[in-house]
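**Student:** Listed below are the residues making up each chain.
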Amino acid sequence: TQTVSQSDAHVTVFEGDSVELRCNYSYGGSIYLSWYIQHHGHGLQFLLKYYSGNPVVQGVNGFEAEFSKSDSSFHLRKASVHWSDSAVYFCAVSAGYAQGLTFGLGTRVSVFP
Amino acid sequence: DMKVTQMPRYLIKRMGENVLLECGQDMSHETMYWYRQDPGLGLQLIYISYDVDSNSEGDIPKGYRVSRKKREHFSLILDSAKTNQTSVYFCASSLSRLGGRNAEQFFGPGTRLTVL
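Top to bottom, those sequences are chains G and Y. Heads up, the first sequence is in our numbering, so the first residue is 344 and it goes up one at a time. Heads up, the second sequence is in our numbering, so the first residue is 7 and it goes up one at a time.
FYI, nobody ran anything at the bench for these hints, they're computed from the structure. Treat the numbers as computed from the prediction; the structure is a model and nothing was measured. Be aware that one or more of the hints could be misleading.
To be verified - Here are some, though not all, of the chain G residues that point toward chain Y, as calculated from beta-carbon distances under 10 Å:
1. 349
2. 384
3. 389
4. 447
5. 448
6. 455
As the list claims (entries may be wrong) - If you anchor each label on the Cβ, the simulated ranges turn out as follows:
7. G:413 with Y:66: 19 to 27 Å
8. G:399 with Y:60: 32 to 40 Å
9. Y:56 with G:373: 34 to 42 Å
10. Y:67 with G:373: 21 to 29 Å
11. Y:86 with G:413: 44 to 52 Å
From the three backbone atoms N, C-alpha and C, an ideal C-beta is built for every residue, glycine too.
Work out the full structure, taking the sequences as your base and the hints as a guide.
**Tutor:** Structural data, given as structure tokens:
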């Protein structure tokens, strides 16, 4: 069974600041990792994913994430946030084929002008 | 236009009534999912469908059943709804089974179900 932990429930930043959202997982085998964003009142939208290869992956709207097998982590970063980045961010893992995603509890990001 | 739709968006039912939540996608995706989202619990997987009439239980299937008779439609059914099934329900679809390179999930806007 895989688990996902997002250590920060709420992060507050100012527009133009950088932000890092932490995600740690537990699973012993090959793993598929992804990040999703949910704006208030909407469904989740895919940001980026990692399955193999380069541990730093680029996503939409300037987001990137770095996979670390040694730390069991997949942290999400953005160099300069915009007010429209205010949302809840979910880290998700899957152990592979024929399984749905296991989500973390989410990190709410509030961006102030 | 790639889209997952859900109907209805809001629904209020009384305990013991039957509930039908519908989901459609226009991307010819093989795999579809139902999740529920609750404060403090995040999103939890209820059912997966790999194609027409090929469904599998997720993490919390009790009290729910599903139906997929066409690839583009996936229904979630609550027979005799309970108050603890009050939640926001999300449908999602993906091109292939998870683990592959095309496993991004596309989510619908959600259905807010209240069971009184």
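**Student:** Tell me the hint numbers this structure goes against, listed in increasing order.
**Tutor:** 6, 7 and 9
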